[in-house]
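J.: Please take these sequences and the hints and turn them into a complete structure.
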Amino acid sequence: MTPDRFEDHCWKDAVPQDLIDLYAPYARETFVGPKPALLCIDFYNIVYRGGARNPLEIQDEHPNTCGMYAHASIEPTQKLIAAARLAGVPIFYCTQDFRPMNRPPGVGSTKRQKVAWKKEDFDIYEPLAPQDGDVVIYKQRASIFQGTPIVSHLNYLGVQSLIVCGESTSGCVRASCVDAYSNGFHVSLVEECTFDRHELIHKINLFDLHHKYVDVMQLDEVVQHLDGMGQGRIAAE
1 MTPDRFEDHC WKDAVPQDLI DLYAPYARET FVGPKPALLC IDFYNIVYRG GARNPLEIQD
61 EHPNTCGMYA HASIEPTQKL IAAARLAGVP IFYCTQDFRP MNRPPGVGST KRQKVAWKKE
121 DFDIYEPLAP QDGDVVIYKQ RASIFQGTPI VSHLNYLGVQ SLIVCGESTS GCVRASCVDA
181 YSNGFHVSLV EECTFDRHEL IHKINLFDLH HKYVDVMQLD EVVQHLDGMG QGRIAAE
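Positions 1 to 237 (full-length UniProt numbering) are the ones given, in order, by the sequence shown.
If you are wondering where the hints come from, they were derived from the structure by calculation, not from laboratory data. Some clues are possibly wrong.
Listed next, the in silico BS3-like pairs over lysine-lysine satisfying Cα-Cα at most 27 Å (straight line) [stated by the list, open to error]: (1) Lys79 x Lys12; (2) Lys203 x Lys79; (3) Lys203 x Lys12.
T.: Have a look at this one:
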């Protein structure tokens, strides 16, 4: 996307003009970088529990649900993953490490009050489940990069840039994107395939990440790029 369309995103109704003016020096062309991999952050069962409802209405029964925001992202994310597979792009998922005796007490992704989770809560949601050839990274902190082998895997595959989707925008997605940028990867964050528990926190974090660390891109842009890669791959076979 060209610099004149840098702010053409979902936060336009949430971010005041003076803040956009303050961040104006960050405006630039956005793009998918070379040799990408797709990172699918925390598509685990608990964020879809309770169905497509407002998370505030169901959080007592379903802690950590993203409700309607999670469900709205399913179809776009399926489209993104399918395009990545056709293009032959490496696909990485992550979820919480639920093995026994795997960390000291108190270590977790956030400081949220503890809930009695079960292993199946952190299984990848079936409509977005990994396939043979994908890699699942088990993590203990918010970022997929913290204390995991992800960088060595990406280096081994010759990956130079990342396409990111998942949840939550303000939490594990944000932490992973900042670490990816800090590790030298160009990051494209797909707007329609990223979500949180509230629209405001989602939009504000997308806005801030877009200006400082990542290229927030719309699904059609990214899929078009991946389709081009896929056609090139077929032509080379």
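J.: Determine for every hint whether it applies to the structure shown.
T.: Hints, verified against the model:
Pair hint Lys79 plus Lys12 holds up; C-alpha atoms about 25 Å apart against a cutoff of 27 Å. For the given pair, Lys203 sits about 22 Å from Lys79 by alpha-carbon distance, which is consistent with the 27 Å threshold. Distance restraint check for Lys203 and Lys12: the Cα-Cα separation of roughly 9 Å lies within the 27 Å cut-off, and the hinted pair is therefore satisfied.
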